[in-house]
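A.B. asks: For reference, the chains in residue letters:
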Amino acid sequence: MELANFAEQFASKTLKRSYQKGVFNGIVNREYEGEIKKPGDRVNILSFLNAGELQDYAVGTDMAVQRLVDAEDQLVVEKRKAYNLSLDQLEDVFTYATDIPENLIEIQSQALDKLIDTYVLEKGAQEVKAGSWLGVDLVVYGAAQTMASIVTTATGGTVTLVMAASDIDGATTGATVENPRDGTSYFGGFVSPADLYKGFRLRSTAAFVSPWYRISGITSSVVATLTEWDEAVSGPDFEEGYTLRGLFGGDGKSFPKYGAGDASLLTMSGLGWEIQAAIATAITAATIYDQATMLAEFLDENEVPDENRHLTGTPAIKAMLKQSSELQPSGIVEIYEGVVINGRVGKIGGFEVHSAAGARVSTRASHSPSSGTGGDVVLSAATTGNQILANHIGFMTYGDKWSETRVVNAENQFAKKYQGLYLFGAKVPRYRRKYGAILFGSF
Amino acid sequence: MTKDPVVKKSPNVMAEVVVNVLKEDGSPKTPEELENESAAIIADGNTPIVHGSKTASALLLKSLKDEREKRRELEEEIARLKANPDADPSGADAAKIAELETQVSGLNDIIAQKDVVIRYPVMKDKWNEFEEFRNSPDNQGMNLNTAVKAFLTENGLLDPVRPGLEKPTGGEPAAPSQKLTTEQIADLRKNNFKEYMRLVNNGTI
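Heads up: the sequence lines are chains A and B, in that order. The opening position of the first sequence corresponds to residue 525 in my numbering, with each subsequent residue numbered one higher. The opening position of the second sequence corresponds to residue -10 in my numbering, with each subsequent residue numbered one higher.
What the hints contain is simulated information worked out from the structure, not anything from laboratory work. Hints may be right or wrong, so weigh each one.
Here are the simulated EDC-like pairs of lysine to aspartate or glutamate, each with C-alpha atoms no more than 20 angstroms apart in a straight line [as the list claims (entries may be wrong)]:
1. 183(B) <-> 557(A)
2. 561(A) <-> 172(B)
3. 647(A) <-> 586(A)
4. 183(B) <-> 763(A)
To list a few chain A residues with every Cβ distance to chain B over 12 angstroms, as calculated [said to hold, decoys possible]:
5. 604
6. 628
7. 682
8. 741
9. 790
10. 794
11. 821
12. 906
13. 926
14. 929
Since the model is a prediction, treat every value here as computed from it, not as a measurement. Just so you know, even glycine gets a beta-carbon here, dropped at the ideal spot from N, CA and C.
Isolated chain B, as found in the complex (with noise of 0.2 angstroms):
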């Protein structure tokens, strides 16, 4: 049976760690041991991974819901598992529920972050900049929400797109129909034969 892996942050980085929460043999890890294996993972200088930045903008809406629906069904979970606690005397069902809470958690984050991609578009390349903004001592335990705006303010990034000066709007004219109407065709031949000639050698009339 395989499990959902923890999703750990990083201390400094509002990113993820990816870090599978079974054992090979298929039991469950302690949770001494996932936050060594994200400490050795994170030690090691890998790149830690933003939420949304390899999705296509256009399906971060769906993922996002994605997420949602995850979250809700873990949470159906823990509120089945709490509401039966006789029917759980080894205490098994307690570990599943923190760790069940443990993803719910990290889906939580998933989302914030998605949903502030989506709103924000140009986040998706600031949340390095925008994590040691929120981790500052001025700024920490600032609501997501209001640090995200925070930051875009401070940064320029809310200001309304100049638009600029308007594009040139001469150039060459659109190419007239070459279909002529018989009175257009007469008049021609009328007035102008040589450029009647011209048509009428080009195959136009």
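Chain A with its partners taken away, still in its complex shape (with noise of 0.2 angstroms):
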């Protein structure tokens, strides 16, 4: 190979490496619109947001035109990574082999799919939609005290939590819970970063509850910022003058528009709140399968396509795969045998399982325990939780470009050095956040 192919045959045979290999190329999509050129571009990715609509037709009366709704997301190429490589015996290596050396390209390539397998999965549990978690929500009981009210905002929401006033010590506020879910007594109020962009919601049983709503941001441990899972501040499921959905309640699934009569859970009293998976759920061989299906049911309720799903977790998966076909037969789990692309290593409950190695997968703490009140409170150290991707293809878009590719003259030796820009970006479009769901679980 002349030292003039080198720049392009590295670049190609890295690249190519790195979608085979990497989980990540596996999950994305690349529907987007325009040519990326340099760092910072954005390319435009186009979402409908309304339904079909369908209307009664009656001879001699116009019909209503139906609006396209349409939105434009847009994908920011905000990661630039380069190789600067020391080649000072190019020539040796091309004499010594005829084609770039495969470990070379190996230990590149893997480089380069696990910074991407990293930044995709977690851009991927930052943007899944409130409500579709999976792991054990903390729960405040409402009682004859309110412990929660939402003010609506331009953007959404603030909630603030309200404090017994034993749980107030001068400017510093804090509560000691009992989570029903198991057991167990956490911090009562918001810890960041583990609560953020999970969901919350006002709870007055179990049967009336708000819909979930995203932690967009945490501002002390009894304020956070809430948005819609779509960040949507008006349309049609919109009660007149809110900014967020479902504020006259509904069960859980069904939320009719200001309710049936009550007052809006913003002027209701005795009303608790909960966090949807604030803590790490224990993830086994004998759960593993139902906890899939469960995922699975949160994409159906969203009206996912079946097709084309996809569950990323750690290598811990794929035993838990094998140890679960022997448990439960009933619940057929096919184990890829042969080359492996993209990290595919089976199939269970309708996702094609991959097995992301190394830290690619995302973590975060779970939700402190905590014990005292007020200013005794005292944070323990939180269980670290693996953040498990489920998704349909639809749910991101990526999109790269190596931008630059060169063999230099080192300036002070006389060497050479091979030198690449690889430029990356990826956007969950704000209506495909419920494309995607997470297990919150630790093994």
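If you follow the hints, you should be able to join the two separate chains into one complex; please do so.
C.D. replies: In structure tokens, the structure reads:
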């Protein structure tokens, strides 16, 4: 191979290896408009927001026109990663082997696809629709005292947790609450970043709740900002004058407009609150199949197509799948043999399962356990949970470009250097957040 | 000793009926016996042979040359026999000379026919019609070549073949070469990354 070809060959071979071995290439789409030319470029992703409508037709009556509401989300090419390899014996490499050594491509592409996998899986965990998290919920029951209240804002709303007088010590507020879900005591306020982007809802009873709202920001232990899962503030399914949906409550799945004649949750008293999947749940061979079916149920409820669904977890998932097939023969699990592409290791519950090695699967701390109240609240170390992404291929759009590739002479040595620049970015369009779900769990 | 068969012409068709000139005991047949035998074969309705029709077009010329060579040999034999009449007091050579002359005459016909078929391949399938044309009262006695040309002209077979419309030159463009130069690869990478990625994935780059 000539030296002049090395730069292009290195780029193409490294990319090809990364596309094959990296998990990311099997779980994202590339449906964007435009061409990526330089770092920071923005390309458009088109989404249609409103559902299709049919209307009754009467002869002699004009038909109403359905306006197609579309939105363009923008994918920003926000990441730029560079190679700068010293190849002081480059010519020897070529005389020794007729092509770029496979192990050079292997180690360089491994670094690249690890980088991209980590980025994609972390971004996915941050963008999943509020209400599509599977873990242990933190529940604070309402009582005679209202435990949380929401005030709507231009972008959604602000929630304020109400503390008992005993939980306030000067400027310090804190409470320890017992979670009825697992019997453990946890900090009775917001924890950042553990609770960020998860779902929050008001609760009157188990059968009368608000929809899950997205915790978009945590201002303090008692104040957080909320948005709709798709960041909409108006539409045909919003009550007039409100910037959050379902403020007149529902049963958890159905939220009739203006409710059943009750007052809105904004003025109701005695409400409790919940944070969805605040604590990591246990993932075992005995539970993995049920958990996968529950993730599938999240997607089904959001009318996500059955095909092209993916579940990405750590290598422990593969071991559990094998064990699960022994424990639950009815839940047939197929483990792929032969060449592994994009980390595919099997199928379960309608998902193609991908194994992401190393630290590619993102983690976060659970909601902190605690003891004491007020100024005496002591937070304990929280368990760390894996954020196992379940998504349809339409969930996330990925864009990349190998922008620069060249071989240059080293300045102060009689040697050569290879330099390459790889740009990439990903975006989950707001309307496509419902195409994903998270299993927040620990092995 | 085998002898070449006599080639007889059937009266109405310029084709041949092949008859062996020797009896089973090896003695030569008389001309009357040959004539009667030929007439009997024709009367049976055997399909006359058109010389050159069974030979592949590519081999016609070679077979024509072979026939001419055979004729030359026979003519040399005739000349040799005629040159020394006193060496044959019994007159057997005279019979042989007559026989050879008959064969030469037959070969001349074969050669003429093959020559026509070589020059005008369309005559291969038209020979029967040509024989009828040649034997008609208006055309009898015409030289073979003249008769062939007259026949072809009358039937429009000498007209130049009209090439017709040119075949269309459109259609699928030739597939581009799969091999890309380094410059082309770099250009794709910079300006059309989606296409570059597609070619990387399918192994072209």
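A.B. asks: All the hints need checking, so say for each whether the structure fits it.
C.D. replies: Evaluation of the provided hints:
no., hint, verdict
1, 183(B) <-> 557(A), "holds, 11 angstroms"
2, 561(A) <-> 172(B), "holds, 18 angstroms"
3, 647(A) <-> 586(A), "violated, 47 angstroms"
4, 183(B) <-> 763(A), "violated, 44 angstroms"
5, 604, "holds, 15 angstroms"
6, 628, "holds, 17 angstroms"
7, 682, "holds, 43 angstroms"
8, 741, "holds, 35 angstroms"
9, 790, "holds, 48 angstroms"
10, 794, "holds, 57 angstroms"
11, 821, "holds, 34 angstroms"
12, 906, "holds, 41 angstroms"
13, 926, "violated, 6 angstroms"
14, 929, "violated, 7 angstroms"
Consistency note: the structure conflicts with the earlier hints numbered 3, 4, 13 and 14.
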